[in-house]
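Asks: Okay, here's what each chain looks like letter by letter:
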Amino acid sequence: MANPVPAAVLSNVSRRFGKARAPALDNISLEIRPGLMTGLVGPDGAGKTTLIRLLAGLIDHDEGEVTVLGKPATEADRKRIGYMPQRFGLYEDLSVIENLRLYAELRGLPTGKWDDRFAELLRFTDLGAFTERLAGRLSGGMKQKLGLACALVETPELLLLDEPGVGVDPLSRRELWAMVRKLTEAGIAVLWSTAYLDEAEKCEEVFLLSEGRLIHAGPPGDLTREAAGRCFRMRGDGPGKRRLLAGLVADPAIRDATIQGASVRFLTNAGASPPKGAEPVPARFEDAFVDRLGGGPKGHSLLAEHYRAVPENDLPAIEAHQLTKRFGPFTAANGIDFKVPRGEIFGLLGPNGAGKSTTFKMLCGLLTPTSGDGRVAGHNLRHSRSAARRSLGYMAQKFSLYGDLSVRQNLNFFAGAYGLTGAKRREALGRMVEIFHLGPYLRQNAGGLPLGFKQRLSLACAVMHEPPTLFLDEPTSGVDPIVRREFWSHINGLVEKGVTVLVTTHFMEEAEYCDRILVIYRAEQIALGSPDVLKRDAATPDRPDPTLEEAFISLIEASESKDEAA
Amino acid sequence: MNPRRFMALLIKESRQILRDPSTFLIALVLPLILLFLFGTAVSLDVREVRIGLALEDDSAVASSLGMAFRNSRWFDVTFARELASLEPELVAGKLRGIIVIPQDFGARMESGQAQATIQIITDGSLPNTASFVANYAQGVQTQWAQGEALDHGVAAERPINLIPRFWFNPELTSRDFLIPGSIAIVMSMIGTLLTALVVAREWERGTMEALMATPVAMSELLASKVLPYFILGLGSVALCTGLAVFVFGVPFRGSIPGLLAVSSAFLVPALGQGLLISAIAKNQFVASQMALLIGFLPSMVLSGFIFEIASMPVPIQIITYAVPARYLVPSLQTLFTVGDIWPMFLHSIAILLGFGLIYFALAIRVTHRRIA
Chain A
1 MANPVPAAVL SNVSRRFGKA RAPALDNISL EIRPGLMTGL VGPDGAGKTT LIRLLAGLID
61 HDEGEVTVLG KPATEADRKR IGYMPQRFGL YEDLSVIENL RLYAELRGLP TGKWDDRFAE
121 LLRFTDLGAF TERLAGRLSG GMKQKLGLAC ALVETPELLL LDEPGVGVDP LSRRELWAMV
181 RKLTEAGIAV LWSTAYLDEA EKCEEVFLLS EGRLIHAGPP GDLTREAAGR CFRMRGDGPG
241 KRRLLAGLVA DPAIRDATIQ GASVRFLTNA GASPPKGAEP VPARFEDAFV DRLGGGPKGH
301 SLLAEHYRAV PENDLPAIEA HQLTKRFGPF TAANGIDFKV PRGEIFGLLG PNGAGKSTTF
361 KMLCGLLTPT SGDGRVAGHN LRHSRSAARR SLGYMAQKFS LYGDLSVRQN LNFFAGAYGL
421 TGAKRREALG RMVEIFHLGP YLRQNAGGLP LGFKQRLSLA CAVMHEPPTL FLDEPTSGVD
481 PIVRREFWSH INGLVEKGVT VLVTTHFMEE AEYCDRILVI YRAEQIALGS PDVLKRDAAT
541 PDRPDPTLEE AFISLIEASE SKDEAA
Chain B
1 MNPRRFMALL IKESRQILRD PSTFLIALVL PLILLFLFGT AVSLDVREVR IGLALEDDSA
61 VASSLGMAFR NSRWFDVTFA RELASLEPEL VAGKLRGIIV IPQDFGARME SGQAQATIQI
121 ITDGSLPNTA SFVANYAQGV QTQWAQGEAL DHGVAAERPI NLIPRFWFNP ELTSRDFLIP
181 GSIAIVMSMI GTLLTALVVA REWERGTMEA LMATPVAMSE LLASKVLPYF ILGLGSVALC
241 TGLAVFVFGV PFRGSIPGLL AVSSAFLVPA LGQGLLISAI AKNQFVASQM ALLIGFLPSM
301 VLSGFIFEIA SMPVPIQIIT YAVPARYLVP SLQTLFTVGD IWPMFLHSIA ILLGFGLIYF
361 ALAIRVTHRR IA
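In the order they appear, the protein sequences are chains A and B. Using full-length UniProt numbering, read the first sequence as starting at 1 and increasing by one per residue. Using full-length UniProt numbering, read the second sequence as starting at 1 and increasing by one per residue.
Some hints here could point you the wrong way.
[Unchecked claim] Listed next, with one range per pair, are the computed distances between beta-carbon atoms: (1) 135(B) x 445(A): 53 to 61 Å; (2) 283(B) x 560(A): 36 to 44 Å; (3) 75(A) x 366(B): 19 to 27 Å; (4) 419(A) x 289(B): 31 to 39 Å; (5) 204(B) x 327(A): 47 to 55 Å.
In case anyone wonders, no lab produced these hints; they're calculated from the structure. Glycine included, C-beta positions come from ideal geometry on N, C-alpha and C.
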């Protein structure tokens, strides 16, 4: 390609934080070219933020050279670089327009151009109606857009975006993507960092990072092609899909397998022929990534094997009956009503602020409903809250264990909190250490664990007392695909033993593991069904096989237009 | 330094000060609380100390001395016939001391023997009060003895008559030097704590990262943090002075330019300390702890504001030379109770500016345009 001069070049760059630790970036060489949407892709902890900060001239590198717009990054002309940090860099106690003005002054935008530029940015970000609102009062998606607008006040030549899609629902993410896309058409070089592998596929060029190393550089298609012709799908109705998955994972000819709605999607080893009844599907970026990493985790869940069988019961494991929560005049959840039978994975899906956390918290017994009722394992949340709470295991979004306590102390604490004592506690602890291979880390502080082990420890703490129901809050957002597969293999195993699982997420890959999904929007439930049913309902003649994300977005758009009509 | 960028940062900072309730709390409410505390609740004066008086002698002279104690403004006296009945009260801490006028007191006085003695028993567990009781009891006795002598037509035997006079603070009210001293504490809080907090907050909220990625120069950023808090600090001094003079009736014998010069000079090292802390500590909790430890506590304890430096052990006295507030407190006290003594002020100002220079140099040295 006869492309113009690259906007930024890294050659043999390494960066280490602390001598003992593995390098955050290990001998990276890459070029970011103008006019292209360049994706910086990798799981949490892969080194994305370090790389972006190097480019923004905010940290020093140990080896190699970082050149931005023709100069070393720390000396580059900052007027020509737009940077949006992960936390947006907005002043929450300044209004939208004040934030814009501040960054316009700091970037030296001539005052004469202000009005036009602000008008353009506000139209672009759809924030025109909120100019006087304090940035702290904006929703997550709006903050994201304002952050972008602030990075764009003076059109930069290089735009660096650090995980602009994180914590934002698919709808806002899609709008943001469209906005940035337009900029590349104007010839700006854009680096968009993300933990979502599906976003990588939409980029012209992708840098795939894993544990500080560059695994792939170039068009995403080049990588995806490596998995081409080896991807298949097989149906396994109802609970059968989990057994099918277990069977496929055990098959030495299968490199990777995941659940997708009612089907199992899998990748065969090169040269291996697919099992009978498999229907070929197009390869995805993630397939090739997992292939590069050596395939999905093999073997079955030791956790599930050792878990007690949850006795059969005719009563629903989780029940919400017309759950409503109001905070003053604001209704956070309105008439949420569903039943989850024993041994099902049930998902709550919805944009930020739609009411899924409120519903979730009411069912955990952390919030008292304004009206309506909920039951967990037959215990009423109003009258026997503590009994209900004892029968559930809770795993919070992100890492919510005590970072300053050692792994053993964390396990001990949670065992105590769930009422395990004496021999029972020792036995449970030993089992968790064995199942999750925590032995070498027992004395280490939980905060310093590698991400995969943090994830394992969180799960261990939630299931130590063998609860019949598990509540998971975005359990695997941002973790690498291998850790995610391992996690869900445990969950699938537990479900086979009769455990019931409630998941909240806006992460589509997690939603695919659910048996049924409840979509919540603006405090109301707007759809309930299996992932396949939701997808089928969203199918149109020109989009016969929509993804779950497309289905979700069309459900929300339909609900919005209904609201407007009403 | 680019004036446009600097102005933009200044405007931003001022808006934040006006909108953030915690800034307001530290800059306005805290000084008020401190001032009221030192103006009303804390007092180093002792008045009406409860003591017991064992009047074991019933002669006329003895009761006359007893009346002298009762009439003294320093004591609240409980009378008894013998010491034994007062002892339990002292042990229980209800009395701070006991004066015993022994049985032979009257007889000794009559016979003109050298000096009739009284016994003063004090509670040594409260040394300050104990020595106060001892000194004042002696004072009462001496005065009484003089009066007695005059009554009997005997001329004062002493060739020199001591009449105590207190300069500068004739009322000897501790409030008059505590309140000026507390203004120093308020300035340390605003200069050091507030500055350290606001910079740490930029780090915590991730706005520092965004700022550093713009063309802004670190010097502009630091200056924009210093100037508003300098003005806020002076505003606070004005508020405190107004309250001190008009509410608490503390005299103000110096001049406003003098006050301005001294307090401006002190704000330089205080702000420098704040910036230095914020360059080291990047979260608000650590920053506030450091500000308390290296700013607030030394100003409170080692500045001579409450505890006299001259009565500290020598090693501690040496440490006080490194505490900027040590140079401010005497100047402020002088300014309020004496007037403008420029040689003293200039001396303090020079030292304070010297400290300021050191802190700022250190702060600029450790502040990098890097986030890790």
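Asks: Going back to the hint list, which numbers does this structure go against?
Replies: 5
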